[in-house]
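2 protein chains.
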Amino acid sequence: MAAEGDLEALAAARPLLTDLYQVTMALGYWRAGRARDAAEFELFFRRCPFGGAFALFAGLRDCVRFLRAFRLRDADVRFLASALPPDTDPAFFEHLRALDCSGVTVRALPEGSLAFPGVPLLQVSGPLLVVQLLETPLLCLVGYASLVATSAARLRLIAGPEKRLMEMGLRRAQGPDGGLTASTYSYLGGFDSSSNVLAGQLRGVPVTGTLAHSFVTSFSGSEVPPDPMLAPAAGEGPGVDLAASAKVWLARVCAHLELGVQEPHPGERAAFVAYALAFPRAFQGLLDSYSVRRSGLPNFLAVALALAELGYRAVGVRLDSGDLLQQAREVREVLQTTAAHFQVPWLERLCITVSNNVDEEALARLAQEGSEVNVVGIGTSVVTCPQQPSLGCVYKLVSVGGQPRMKLTEDPEKQTLPGSKAAFRLLGADGALLSDVLQLVEEPPPQAGQELRVWPRGAREPCTVTPAQVEPLLQLWVQKGQLCQPLPSLAESRAFAQLSLSRLGLAHRWLHGPELYQVALSEKLQALVDSLSARGSP
Amino acid sequence: MAAEGDLEALAAARPLLTDLYQVTMALGYWRAGRARDAAEFELFFRRCPFGGAFALFAGLRDCVRFLRAFRLRDADVRFLASALPPDTDPAFFEHLRALDCSGVTVRALPEGSLAFPGVPLLQVSGPLLVVQLLETPLLCLVGYASLVATSAARLRLIAGPEKRLMEMGLRRAQGPDGGLTASTYSYLGGFDSSSNVLAGQLRGVPVTGTLAHSFVTSFSGSEVPPDPMLAPAAGEGPGVDLAASAKVWLARVCAHLELGVQEPHPGERAAFVAYALAFPRAFQGLLDSYSVRRSGLPNFLAVALALAELGYRAVGVRLDSGDLLQQAREVREVLQTTAAHFQVPWLERLCITVSNNVDEEALARLAQEGSEVNVVGIGTSVVTCPQQPSLGCVYKLVSVGGQPRMKLTEDPEKQTLPGSKAAFRLLGADGALLSDVLQLVEEPPPQAGQELRVWPRGAREPCTVTPAQVEPLLQLWVQKGQLCQPLPSLAESRAFAQLSLSRLGLAHRWLHGPELYQVALSEKLQALVDSLSARGSP
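Chains V and W, in that order, are what the protein sequence lines are. First residue of the first sequence? That's 12 in the working numbering, and the numbers climb one at a time after it. First residue of the second sequence? That's 12 in the working numbering, and the numbers climb one at a time after it.
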């Protein structure tokens, strides 16, 4: 898979995937003799998405891959030269040609971490020119990944631990890579699988899928399969013409359901037979191409019972229109009576999958007590995050040449927190999260059991907190361009995300009107903010 | 650029970028002996986005590129084998290995066409198995491209023809390719430029950009540039220390503006000087890092006047926070009085660029009569389309083996229009659009000047229409895998989009509560729909 990895790296990680102003600024820094000044940027968001009180951080792996491959090719430099003034000093382009991330150091939360406003997701330090150039691609790689992971985590909280969630939004994504990102990070956030085959191949996401209406409607019933025979599951004994057997079973099913045997659509049944011949051990039916009750369900049962006679167990049905909760209930009832009537007990427990524009609200209904739904397919909602389609991450300069930097602007919310920082998570004796604390990197870390005076963000007064445990939040991942610890696998990050969420207080997990989680500044950091604000910044 | 093109093709056009159910269905078709049945699918949307009455079609070029490169590699087939049952007939995988789009024919609207609900954007015909596999990638390539193009067209309608619109949303996009798609198709829809350098390199989108707050805040004012000297614009005469000259000008500017000369931030001025040294012929200032009125504007004017003394003309300023309309007015006023005071007349006409979460509503305000804003930068809003982040395109089977197919479902809105179709646009004598008409492909086309009886979609009665002109809508682009006419360039499609929009009636162009544009069915098509619905489909 090396070639595949290379291709993916090349495709995703192009240094020109950046805003032109990063390049014009690069020229400005270079002309000012500051290209190699030591600088540090922080990547963070200002408000939790979707009106909630948490986010999940994701995208670190993509950032690391991008940084390690970062290198301007000749064609890139030539294009930049064409976009800059013709009298630009050629030595600048020589500088660009030699550029890489060998001077760049990255600290970050582990992927799948709970993240809160203002706490750095990434701290990127290195030569000013290159860390400035990284702004746009890093924002692009982190923002959407974290948004989707957070959206998926919310949907998982709504669904509860039992229901399976399948992401199927590739067709609604912002192009190919949007789809790949969505599939990867909805899995990280708590989904069970994706329909996206490429996400399976490249990222190891479990992939699932069955059949679409077009498969069903493509059959009229007059088709003759080249080989209609199916051998028994155990492999012994004579094969059976599955279409003929399904026809016999249809008569019995219709009698049981008090339906005319002409009612179920013959093309739909032919489609089910074709699918069952291809997947005798994984037969599933999509029930709503014509009518669930009068066609889809009896046809499905006829084929499932014909298979059962050969020793195969069907696995489930899918509903894709109408009132999904109510239909799932009706389908379960029919499965139960049919299972009892024909003495095929496992039939009553078949998996019922539903889909059709399921969002948070619809999912809450499908997940309610007594729901017969087992699997929910979610596409548009998790992939496009219509409640808030952007996390709005920013990447801000916090120090240069060892001196803190701060942006004031016309808008207080857009002010930044100056200085190179450390971040800690304070926990209570029961392991519950109390507060995140930001402090200057030179301050000693908070100590378990010691009272700490901090300034909650936005508060006018300090408060005290005594943590039972203290966890440092930011880990060193890339030092001077070198990976310094293995990145966790996607599945490991997924497990870590669920663990992190379980430690968050219930009131912070509420999806609407939650209690906000406290992020506080150390007294020294607060004093620095105050002094720089008063001075109009350094 | 051949290698670049290959890379892009490889990166975007991977056949496994599809839903797993396309592959399970492929096996189902294959097992049923139907892999090569002649099938036709239509790709269309059901409702215009954003509550409007039109959409722009985009993405055809990406679809054609995808189809022409479509080929499963060994690693792809091996991955599919791992995702399908272990006892799957190996001959199926041989079939996949040999698969390409040499049997696929595509008719489509030209890119940039006005598109309406139910009218096919793409008609894809060919062997059932392969055209089924294409569903997900084609939806992914068309849906978002058309959504962004439509969003951009709406923003262009709001802005009017004069204001320049710059897309700058890469950092908010769904990953790298989402950003590239957004930049490309917002340009097609009517934007003037993008900040995305890669979109310039790969797609020829004009790229623009200036500087960010981090550039400004990275300077404290104590930096010493290695070469502070700038030669006059005409190239003759001695150079000048620009920083020193700006300092002299600052005193004059502050006296004129009645500000203390200590008030403007020295770091900000150093940043402007550095930028001016790099871009003496394209100097721009970002004014709101500290305070527009007390710092950004006087610093900018000092540097611009120092440049002017050397014969260079600054090009503009940017505002990125606060009340943009009001600030633009104040900035223009200061530019005017300063231009008059120092007798530098061109200074009053400097370009004012604004940005900061501009959406349709904010743009309407910025575009109002008397606004002093010249350029609007729009990011999140055009890239994520928060009003409606997905166009919701579908890809439906309309015929197989020459027989029409129709999906009924539990939800009337999800019913499809059966049969292989032609589509025409009927125009009045003044060139205004009257109606789109869908009919069966075998019917004779509508004739100019002849009365036509049609069924408007959703109506219970037919109506008559007499077009002065008739335009066929769907063109043949790919026949049996071969491109049969050159694709228009992006700039040509952009011009075509603006032309198309100008022919649409004003009431259909309203962005809120517009009059819906009529899409009608021929009597024969309506009769086919009725008969298939009555029969419960074929």
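Some hints could be false.
[To be verified] Going by beta-carbon spacing under 7 angstroms, a handful of chain W positions derived as facing chain V:
id : residue
1  : 185
2  : 236
3  : 239
4  : 301
No wet-lab data here; the hints were simulated from the structure. Beta carbons are placed, not taken as given, at the ideal position from N, Cα and C, and that holds for glycine.
Going through the hints against the structure:
no. : hint : verdict
1   : 185  : holds, 3 angstroms
2   : 236  : holds, 5 angstroms
3   : 239  : violated, 9 angstroms
4   : 301  : holds, 5 angstroms
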